[in-house]
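S.K.: Sequence:
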Amino acid sequence: MSLLYCPVRDESPSSAQGGDAPDAPQRRHSAVRHRWETLRQRVGDLAIQLVDDPDVEAASWRLPADATSVGRARRLVGERLSAWGMENLSDVTQLLVSELVTNVLCHTCCGDLVIRLSAVEGLLRCEVEDCDGGMPEMARPSAADEHGRGLRLLDSLACCWGAERTRQGKIMWFELPAYALR
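According to UniProt numbering, the sequence shown is numbered sequentially starting from 1.
Hint data in this document are derived by calculation from the structure and do not stem from the laboratory. Take the hints with a grain of salt, since some may be wrong.
Derived DEER-like restraints, expressed as beta-carbon distance ranges [what the hints assert, rightly or not]:
| # | residue 1 | residue 2 | range |
| --- | --- | --- | --- |
| 1 | Ala59 | Arg140 | 14 to 22 Å |
| 2 | Asp132 | Ser60 | 14 to 22 Å |
| 3 | Cys110 | Gly71 | 12 to 20 Å |
| 4 | Gly122 | Asp66 | 19 to 27 Å |
| 5 | Glu87 | Ala144 | 32 to 40 Å |
Please read all numbers here as calculations on a predicted model, not as lab measurements. We treat Cβ as the ideally placed atom computed from N, Cα and C, and that holds for glycine.
Produce the entire structure from the sequences given, and follow the hints as far as they go.
M.R.: Set out below in structure tokens:
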């Protein structure tokens with residue numbers, strides 16, 4: 001099972017279906033590459049003339065599922081985005097990563113989590129993987145509630161986001177286009 005939110009989707013309904021994820025190397029960048037291939041098909045020869053194959057930047061970190069990991073995740077993500085020249089995405093990405101890491105801490109009993117960043121041609125994808133297979137649900141908090149707004153924040157700030165089950169648990173992910181925040 002997978003959960004996907006993307007206001008403009010080009011994927012066929014069958015590709016949004018869940019199930020066990022493919023092997024990690026194929027899965028990591030498949031969604032980004034799929035979007036790139038869709039763009040290439042739409043733009044046709046012009047895209048092929050401009051860029052033969054996109055460069056994919058990638059980074060990942062395994063962190064313990066404890067309170068110190070929220071701040072550490074923010075720092076690691078900020079440093080990597082600076083190294084990639086994507087500082088304009090740093091604040092939003094750090095906020096959303098901290099929300100996803102906090103959700104792992106609050107809603108799972110995992111010993112560790114994995115954060116992955118990938119960027120291709122101005123599209124940033126962030127994944128947070130944990131060992132719990134429970135899928136997230138959008139809460140409807142009242143004004144007095146102190147919790148329950150993380151997915152709404154994700155929904156407001158990311159161009160696309162979702163969750164997919166893996167053999168070991170699930171991956172929560174979001175994407176941000178670099179050009180949108182300049």
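S.K.: Kindly indicate which numbered hints from before are broken by the structure, ordering the numbers from low to high.
M.R.: 1 and 4
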